Each structure stands twice: as structure tokens, then as C-alpha cells.
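Please build the complex by placing chain B on the supplied structure of chain A, with the hints as guidance.
2 protein chains.
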Amino acid sequence: MQYNLLAFSISIISLIFAWVLARWILRQDLGPKSMQEVAQVIRTGAKAFLKRQYKTISFISILLAFGLLLVYGFTGDWLLGWQTSSAFLFGAASSAIAGVVAMTMSVRSNIRAAAAAQSGLPSALKVAFRGGAVSGIIIVAMSLLGISILFLIYEWLGYEIIKIPSLIVGYGFGASLVALFAQLGGGIYTKAADVGADLVGKVEAGIPEDDPRNPAVIADLVGDNVGDCAGRGADLFESTAAENIGAMILGVALYPVFGIKGVLFPLVLRAFGLIATMFGLFAANAKENEEPMSALNRGYWVTSILATVAFYVVTEQMLGNVLFFWAGVVGILTSVVFVYITQYYTEARYRPVKEIAEASQTGHATNIISGYAVGLESTGLTVVTISAALLGSYWLGNQSGVEHGGLYGTAVATMGMLATAAYVLAMDVFGPITDNAGGIVEMSKAPENIRKITDKLDSAGNTTKALTKGYAIGSAALAAFLLFSAYLEEAHITMVDLAKVEVFVGALIGATLVFLFSSLAIRAVGKAAYYIINDVRAQFKEKPGIMKGTDKPDYARAVDITTRGALKQMILPGALAVVVPIVVGMWLKAEAEAGLLMVGTIAGILMATLMNNGGGAWDNAKKYIEEGHLGGKGSDAHKAAVTGDTVGDPFKDTAGPSLHVLIKLLSTLTLALAVLFI
Amino acid sequence: MQYNLLAFSISIISLIFAWVLARWILRQDLGPKSMQEVAQVIRTGAKAFLKRQYKTISFISILLAFGLLLVYGFTGDWLLGWQTSSAFLFGAASSAIAGVVAMTMSVRSNIRAAAAAQSGLPSALKVAFRGGAVSGIIIVAMSLLGISILFLIYEWLGYEIIKIPSLIVGYGFGASLVALFAQLGGGIYTKAADVGADLVGKVEAGIPEDDPRNPAVIADLVGDNVGDCAGRGADLFESTAAENIGAMILGVALYPVFGIKGVLFPLVLRAFGLIATMFGLFAANAKENEEPMSALNRGYWVTSILATVAFYVVTEQMLGNVLFFWAGVVGILTSVVFVYITQYYTEARYRPVKEIAEASQTGHATNIISGYAVGLESTGLTVVTISAALLGSYWLGNQSGVEHGGLYGTAVATMGMLATAAYVLAMDVFGPITDNAGGIVEMSKAPENIRKITDKLDSAGNTTKALTKGYAIGSAALAAFLLFSAYLEEAHITMVDLAKVEVFVGALIGATLVFLFSSLAIRAVGKAAYYIINDVRAQFKEKPGIMKGTDKPDYARAVDITTRGALKQMILPGALAVVVPIVVGMWLKAEAEAGLLMVGTIAGILMATLMNNGGGAWDNAKKYIEEGHLGGKGSDAHKAAVTGDTVGDPFKDTAGPSLHVLIKLLSTLTLALAVLFI
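Protein chains in written order, with our numbering: chain A, 1 to 678; chain B, 1 to 678.
Same shape as in the complex, but just chain A (with noise of 0.2 Å):
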């Protein structure tokens, strides 16, 4: 059977049914002209945004791909390197097309998701999940039939097929750094506008928040989509690229044992991934009066479910060893583990926030020392998830008897663990839906009933956006051990001795890249936060009718300034991602190189834990008084948890979710540029 046909097959139809489903709405109401209008902005600001952004990573892009076919060609090899930097290009230009739609998508679902909630939460629950489902199913369909199209060609060509993992490995690593930028600068951008918008509006101006008077408003809104959408969305589409070619490099691995299948598997099993995730959406749709997390659950358990059933019937087909089932079962596991996980440490009726919360009262110091110990503690359980998942993958692969089986099954757990991907971005993409419903239902000064509702489904959103952070995290982490063993394979190399001083430097260096990258992912925040205050402050003063409600802000001129001092500020911890790795390799050669990878993803691993949970804990430490516990809104309590939240945006929004990307990037860097470290 051509099993790659049946990977791109089966990605084409779920590209129509994505497509089928965005027809459906678009056929949506757009609700009254007032929602319309501020719906009408923030689309026009993101897409000011991100084509200033895309601007600038193309730049970079055609920079890296030339950079690339140089490298190669004076290295020897002219060919791979024309072969090696249009995959490159093409990785990079699927990812970006990844953001983009996820993006478009969600800019038009959020006017009918509020238009819809006039009908009931059911309704606008359904819009906005559709809404998100469309970009997850597209964004991970895209990404194999990319794959599938590279294989296709070079079958054509007539390369053996044993050949082109390694001929591909460039398309990974160009989504990985369009990701990595596009996370970068959109978590930048998101947080800035944020927390500019906060604290020149609430604190200077005493307006409340999305206050259509405060000209910082719009870049706010759009900041969650370019954060959440378009970021998120390019980095799982690059972690599902990623962790395909990994994985089939292991295929190559293992040849001699599973023949072509083992190469292919890992295609085929994301494809019926899909599938699954299409049934699982449908059983999502809300009941009268149902919460919306439990619809959205339900839609989970279906897809998990039925990817279960899927992972048996392609594991007996393809590789004829039920122990690889067991294996996908062990990812399938841990993904569910990781979801409680977060649930735990980020949600307020459990021990942590709570004690957040109580140290609150004695006053802003407490409250940081508290969310920090939270955050640092959240490790362990997560590291004993991820330890008892490659532990137990790698046993049942390696009682299978077959050569390598272990790391196979390390890397079939991998595969369990993002079987679901395509619905878990589907939630993640519903937060910042329902977060713009909420704010133009704000904006546009809707009735109360509908505000509640969209309250409702804001609120969801916020939890399945923490939960998509703990599940890209744990995929990351498992994927990277993958990962390593593709680039151990890419490299000719056969161990990686941290009793070497070259190795132990190079490990030394990649913890710390990480720890100078976050250092400044968080400093970017509050430098590109200046630009927008200084802006808001200047239009107040140019306008003094705006504050009076008798002249209109100019939102755009905020939301291009704002775009600017993001994207400047991404340049340098974007560049340090990439120089690094590369100066190390280069001079340290390839196994020093493995050691900066794989002790720079552990750091990665805890630092983006610390980052989302010590994150999310505050902010709902601060939900949690403001909805009337320890003195409610307003008590010092309150003042000291409000801190707390701002400190956690930059780490749970900015830096958290960029070290996802980089601890990726670092595994396709190292597998794209293997040979020059050898």
C-alpha cells in the first residue's frame, strides 16, 4: 500500500473539511453594526501586524536559506545544499501560512462568536470552537501534507526512500525559526499592549479596561491574537513537522526491522489523528445550561478516544507489535496527566494558588516570593511525568526484542502524545475567540445577558489556553528525546559524554542560553511597553477630545508603533537562539553540539514549566480575591495580587511559550546543520 499517498490523501480531504467549515462561519450574522466596527479594527491591526512581522522573518528567512546553501556548498555538497535550503524555505512558508490562517480565522470568528452569544451560549460556544477548529485541523494538515509533498517529489525523483528523511530535515528547521519568531514577537507585542494599555489607561487615566476611549485598547485585543493565534499556531505546526521527521529518521533506523512502514508510521498515525479530531469536534457541541468546559471536555475524551483505537489498528497493520501500541497509549496517558497537571497548579481551588492568594496579605513581596515557589515547585511532578513516560516507552519498545525498539518506543510515545494535536490547538485557539467576543462585546456597550455570556466562555478560554501551554511542554520535552536521537543519527555520532570537557561546556552553554534567552524575552516586554505608553500619552495630549468621548482615538497609529517596538525587540533574543547553537557546534564540534541540546532542553523543559504555571497561578491568584475572597477588589491583598499578574504575563505569555519554540528550534537547528559539525 502507498502509505504516503494515503498520509496526503487523507491531509487533502481534511484540508476540505477544514475549508467546508470556515464556509459555515462565515455564513455566521455579524450581529449590530456597533460590534461590527470594532471587529473591523481589530482585524485591520492584525493584519498591519503581521505583515510587518512577516516582513521582517522573511527577511531573516532568505538570509538563513542563503546562509544554508553556502554552507553546504563549501562544505562539498552544492546539491544537498539547494536541496536542504528550499525545504528550509518551504518549512518556512508553510509555517508562516500556518499563523496566518490561524490568524484570519480567528479575527472573522470573533464577531460572530459574539453576534452568536445573543442566541445563547451553545451557539457562540460552537462558533468560536469552530472557529479554533478550523486553524487546529489546518494547521496540522498542512504540516504533513508539506512532508508528503517533499516525499512525493523525491520518490519522483527517484530517490530511494530510505534516502529522503535526511533531504528534508531543512523543512523542519525553516518552521522552526518562523515559529520561533513569530511566538517571539507576538508574545512581545501581546504583553506590551497589554500591559501598556493597563497602566496608561487604568492607572494614569483611571478609565476602566477595554474602554473604547483608551487608544491602546485595539492593539490589546489584537495582541491575543497575534500571540495566541498566529504564535501557537506556527509553533504546532512546526512541533508536528518536527517531530514527523524525527521520527522517520528513526524509521530509517530501524529499516532492516519494519522496512519502509517504520519509516512511514509516523505519517500515517497523524493523519488518523485527524480524523479523529473531526469526530471529536462534533461531539463537543454544548447542551442547553451546559458548562463550556464540559463540552469541550467531552469533545477531548471522543478524540482521545478514538485515536486510541486508531494508534491499534495502524501500530497491528504497520509494524505487527502490540507493545508500540502500549507505547502510543503511554504518550496518549501523559497528555491527559499534564492537562491535571496544570489544572492543579493553575487553578484556584486547588492548594497552590490558594496559598498565592493568602500570601497576598502580607503584602506584594509574599505575594512574589509565593507564585515563584509555586512556579519552581511545578517541575517536579511534571519531570516525574515526563521521567515515567520515556522510562516506560522505552521498556515496552524495548521488550518488543527488536534492535533500537526502546528509542522507538520512545518515539511512538510521541506520537500518542500529539495524535490529539489538532484538538487540543483547536482550544487553544478558542481563547483568544472568546477573549476578543468579550472585549467587542465590551467595546460595542452590548447588553448585560450577552456580556455574561461571553464572560462565561472568556473564561474557558483562559483555562484551555494554560492547558495548551502544559500540553506543548510535555509534547516538547517527550519529542526531544526523539529529536536527539535523529541528530545523534544525522551527525555520525554514537554517544554524547558529559566527561568531556567539550561536551560538559557545551552542555554548560545550553542551560544558560536558555537562561539568557528568557532574561531577555521578559526585559523585551517592558522595553516595547514605552513605546506604546509614550504613544497614548501623545494622543490624549494631541486629542484632548478623546478622554471627553468627543473625538476618536487613533488606534492604528497604536497598534503600528506598538508592532515596531515589538519586532525590534525580538531581533536580539531571536539572533542569540540562533548564533549560539551554531558558534558552539561549529567550534566544539558535533558531540559538544549534543550536549548543548539536550542539557539546553532540559533547562528549556523547567524554565517554560516555572514560566506558564508560576504565570497562571498568579493570575488567578488575582481571579480568585477579585471574585470576593480575602477582601475582594481593591484590598491591599488585591493590590499585591495584581503585581503578581503582571509579573506572570511576560513569563506565562512571552517568554514560557517562546522557550517551547526555542528548545525545537535548537533540536532542527542542530538536525538541519549536522554535517558541519562533524
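FYI, nobody ran anything at the bench for these hints, they're computed from the structure.
Since the model is a prediction, treat every value here as computed from it, not as a measurement.
One or more of the hints may lead you astray.
It does not matter which identical chain is used: a pair holds within one copy or between any two.
Claimed, not checked - Here are the simulated lysine-lysine pairs, DSSO-like style, with alpha carbons at most 30 Å apart:
| no. | residue 1 | residue 2 |
| --- | --- | --- |
| 1 | K639 | K623 |
| 2 | K568 | K354 |
| 3 | K589 | K55 |
| 4 | K47 | K33 |
| 5 | K55 | K261 |
| 6 | K452 | K500 |
| 7 | K589 | K202 |
| 8 | K202 | K354 |
| 9 | K500 | K261 |
| 10 | K639 | K55 |
| 11 | K639 | K527 |
| 12 | K552 | K500 |
| 13 | K202 | K633 |
| 14 | K639 | K202 |
| 15 | K163 | K541 |
| 16 | K633 | K456 |
Leaving out everything else, chain B in the frame of chain A:
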């Protein structure tokens, strides 16, 4: 020549020198009765703390010694069990004595330094610094003496010299264990008392710092002694012990090249470092009107230069290869570079601290973000320095043409860095002495001109405390690589292959251990602070006369309650640090344990650097504003800076210094228990 007798003799001479110095200090004037009363209470409190703390630590040590015996016994070697557990107890007792000595001298020097301030700064500086020097010399000399004695005993018992280093690894483990609990307990105590005294005194009762009406004020002054003297004393005791043993084990591996000289080389070097320190000490006498730091720096340079000369002579004599001398110079230079890095990141005249102070103007949150970013950033230069030192000394050693010469080169660099340990330790203990002298002057209501002198000394003490932390982490990092190699020798493994799944999991757990330990350590401060806060509140209620000045608070009760709180809180993080490596080693075996050790060390170095420098920078940003910049005391910026300072306290005085010890405990523990993991 009997090199071990030489080391033994020099350590005895050093102890005599310290004894003479101590008698000189005890002969100094005690000042007016008002001062003596205050000093008496501090001394009693410190004694009470130590007594209770060492009771707990003795219990834990005896338990562990028994465990060691059983574990060795049941794995088949009862004799080695007895040897190891006796060495363990000997090391533990020596480390405890080192802590007690440092503290005893400190609580006797503080009052004399305060009294000497009456006749000018030079005399006060002399008394305070000599007080520190007694501790510094005794600690380093005792560590040398302990190892020399064990060596002489085993030689006398007829053991082959190259077998001996392995028999005394228990000594290092015992010393580290006591150091961990001493530093952890002391660090928790000191910050709990500090935070508690401030919160309940300054904030609730509205009385100034060091006001005698505050029942917590003595507990606060005691805290500086138990954290910085006893804690850091035990820390540097075990550093020198562990590094000596590690280098000797490496010397054994090089026996074919250098013979017995390679094994004893570290001891002889350390002995000459002691002599260099004694001369440096006399060079540190301040001239009239000289800044304290300038005098201390002069002494440091004299010590460094003499140590370098001694290094040259000893290397020529014992190793006969000048390349190893240059490796030692790399180490000495590394310690100098670390001093400058620490200054750059924690002193107000450079960019980082200024940046934090400026960020304080926009509120608490921006202060925190900025300080955290600075802490993260400071890992960059730190790691570049460590990497350069490791690669440089390895390269030099390798050039010698000696087998394993590269490794021995890094060992010699470590010895170079630690050559000035006694002098650095003297500067460190100088910190709490001056701090206490200031407190005594304040509480005894001495005249303004004396207060100015002790303030100046106190400020120099803050600088030296910060420098020592940088030095401690640098030497821990450099020594780590040497101790890894010693572990590999003991565990009979030749590599640490991160590409193996169990080694990777070990590495992941090692890094996480650092995060969890930090979480528990900083959280412990908050928990222990509640004990003292509650007691002070109770005292104010029970005796309303305290606030009016008609009744005296019960200082001893506050000390005792805080002590109990702090000791209770040190158990969990301490147990974690001991149990996790043992479990991982026994379960995943020697190579995975090496992964835990190495990557745990990397994470520990980075996290400790972040905590120390971040904390120091926050502290000085506050002081910078208090000096009148950006609105000065009482401004909003100042309030935000106080938040940063409070967050930084448990970072730099509890978690950071405890992490140094954790790193070395990992090394000595794995070294002592290596047989279990094979």
C-alpha cells in the same frame, strides 16, 4: 620528602597563628557597659541557636553514618563500611566545629570592633577583619588537618598510599552534610528573623530598625551570625575538604606519571595558600582615612601574588611541569574575574542595578521583572568564565603530554582558585561582624560619629559578603568537574552518555532537584517568619510596657521560637537533597547517577548565580534610591524597591548559598556511595 607531614605541620602552625590572633582580639577593649549588654544577648542567642541546631544535625548525621555502615556491610564490605562511616562522622564533626569556631569568634569580635570604632576606623577595621581571619584560617587549616590526620593514620596502619584517598571520601560527605543543614538552617533562620522583625516592627508597630523595643531585634542580629558565619564557615570547610579529596583521587589515577607527589600535591598547595593568607592579612591594615574596601583589596592582592609564587615553586618541585603552573594561574584569574562580575551585577554604579532602580518608578511589578531579568542575565558572563577556565586549563594540561593531563589541568585550576580561600573566608566573616558591630552601636545609643564609622564598615561588609558568594559559586563550578572525574573513577565508569534514556532521565531529575530544593528553601523562610511574627505580637500583648519603654522584651524567647521554626523548615529540603540522589543511583545505577550529578550541578550553578546576583542587585537598587536618587526614601519608587529587596532576601541569603552546598553535597554523596550504584 614527607609531603603529608609538611601539610600536617603547616596546618598546625596555622592553627597556632590563629590562636595568637584570637588572643589578641580577646585582649581588646569591650567598650561601655551599654554595648556589652547588647553583645551579651546576641552571644547567648547565637549559642542557643547553635546548640539546638547541632542537636538536630547530630541526630541526622549519626543516623546516616549508621545507614552508611549497613549499606556497605550488606553489599559485602563491613571493613570499608566502618572506615567510611567513621570518616563520615569525623568529617561531620570537623565541619560542625568549624561552624562553631567561626561563630564563636564572630560574636566576640563584633563588640570589640564596636568598641574599637571609638578610636577610629583603622582600629575598628583591624579588629573586625582579624576576627574574620581567625575563622578563615582555622576553617581551612582544620580541613587540611583532618585529611592529613586520616592520611597519617592509614599510612601508619600500613595501607598503600594510593589506596587511601578512596577510604576517606566519607570525610567529604560528612562535611558536606553538616554544611548543608548548617547553611540551610542558618539561612532560613536569618531571613525569617529579618523579615519577621521588619514586618512586625517597622510595618505593624512603626518603630525603626534595630530599635531595642522590638522583641525580634536580637533574633535578627543573631541571624547574621548563624547564616553567614556558621553556615558559610561549614560551607567553605567542606569545599576545601571535598576538593582536596577529589584532587587526590585524580592524583591516584595519575600515579604512574607523578607518583605519590601527584596525590599529595593538593595538600601542599593548600598549606602554602594558608601561609600566603597570613601575610596578606597584615597588608590589609588600613591607613588613616583609607576606605575599608581599598585596604581589604590590598590584602587580597598580596595574598594572590604570594599564592601565585608559591604555586610556581610547588608545581616545579612536585610536578616538574610549568604548564600545570599556568593551569593554576587560570584558576587564580578566574577568582579575580568572578569578583568583578559580581560587582558589575550588584553594585549601584553599573547599568544592572541602575536599571532596576529606574524600573521601580513604574511600580512593584516592573521592579521585580527587571531584577529577575538581571539575575538571569548574570548567568551569561559567569558561564563564559567557567567555560573558558575549564577549556583553558584542560588544554594546558593536555599540552603537557601527560596521560589524563587535561583533567589534571582542570584540577590544578581549581586548586588555584581555592588557594586564596582562607583570605576570602576572612572577608566573608568580616561581614556579619561589622553588621553586628553596627547593630550594637545602634542599640546601645552610641554617639553619631561612632555610628558613621560602623556604617562605613557595614557597607564594606555587604560588599565582601556578595563577593564571597560569587567566589563560592565559581569555585564550586570549577571543583565540580574535578569531582565528577573522581566519581567516575570510584564508580568504575568511563563515560556518561546522555543519549541513554536512563542517563537522560537522571539528568532531568538532577536539574529538577535544584528547582524543587530552591522552591522549598525560599518557601521555608516565609513559613518560619510566621513563628517570630506571632511571638512578637504575643509579647506586645502580654507586656504593654514594652512599647512605652518601661518593660523589657524577652529577646531569648523570640530567638528560641525562630530557631525551632527554622530547624523544622530545613528538614524537608535537606532530606530531598539526600534522598533523591540515593534513590536515583540505586534505581537507575551509576551512569544515570552521573547524569544527575552533572546536570544537577549545571542547574545549581545557574540557579545560585541567578539568586545571588538578583538578590544582591535588588538590595543595592533599594540602597541606591535610599541615597536620594529617583525620589529617595518614602517615594513610590522606594516602596517598589523595598518589595524587590524583600523578594531578594531569601534568594541571596537562603536559597542561593544553600545551593552552593547542595552542588557539593551531590558530589561528595555520589563519591561516598558510588559502590552502591555499580
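Hint check results:
{"no.": "1", "hint": "K639 x K623", "in the structure": "both (12 Å within a copy, 24 Å between copies)"}
{"no.": "2", "hint": "K568 x K354", "in the structure": "between (38 Å within a copy, 23 Å between copies)"}
{"no.": "3", "hint": "K589 x K55", "in the structure": "neither (34 Å within a copy, 52 Å between copies)"}
{"no.": "4", "hint": "K47 x K33", "in the structure": "within (21 Å within a copy, 77 Å between copies)"}
{"no.": "5", "hint": "K55 x K261", "in the structure": "neither (40 Å within a copy, 65 Å between copies)"}
{"no.": "6", "hint": "K452 x K500", "in the structure": "neither (61 Å within a copy, 53 Å between copies)"}
{"no.": "7", "hint": "K589 x K202", "in the structure": "neither (53 Å within a copy, 57 Å between copies)"}
{"no.": "8", "hint": "K202 x K354", "in the structure": "both (26 Å within a copy, 27 Å between copies)"}
{"no.": "9", "hint": "K500 x K261", "in the structure": "between (38 Å within a copy, 25 Å between copies)"}
{"no.": "10", "hint": "K639 x K55", "in the structure": "neither (41 Å within a copy, 43 Å between copies)"}
{"no.": "11", "hint": "K639 x K527", "in the structure": "both (23 Å within a copy, 22 Å between copies)"}
{"no.": "12", "hint": "K552 x K500", "in the structure": "neither (65 Å within a copy, 63 Å between copies)"}
{"no.": "13", "hint": "K202 x K633", "in the structure": "both (14 Å within a copy, 26 Å between copies)"}
{"no.": "14", "hint": "K639 x K202", "in the structure": "both (13 Å within a copy, 20 Å between copies)"}
{"no.": "15", "hint": "K163 x K541", "in the structure": "neither (64 Å within a copy, 81 Å between copies)"}
{"no.": "16", "hint": "K633 x K456", "in the structure": "within (19 Å within a copy, 45 Å between copies)"}
Hint violations for this structure: numbers 3, 5, 6, 7, 10, 12 and 15, all remaining hints satisfied.
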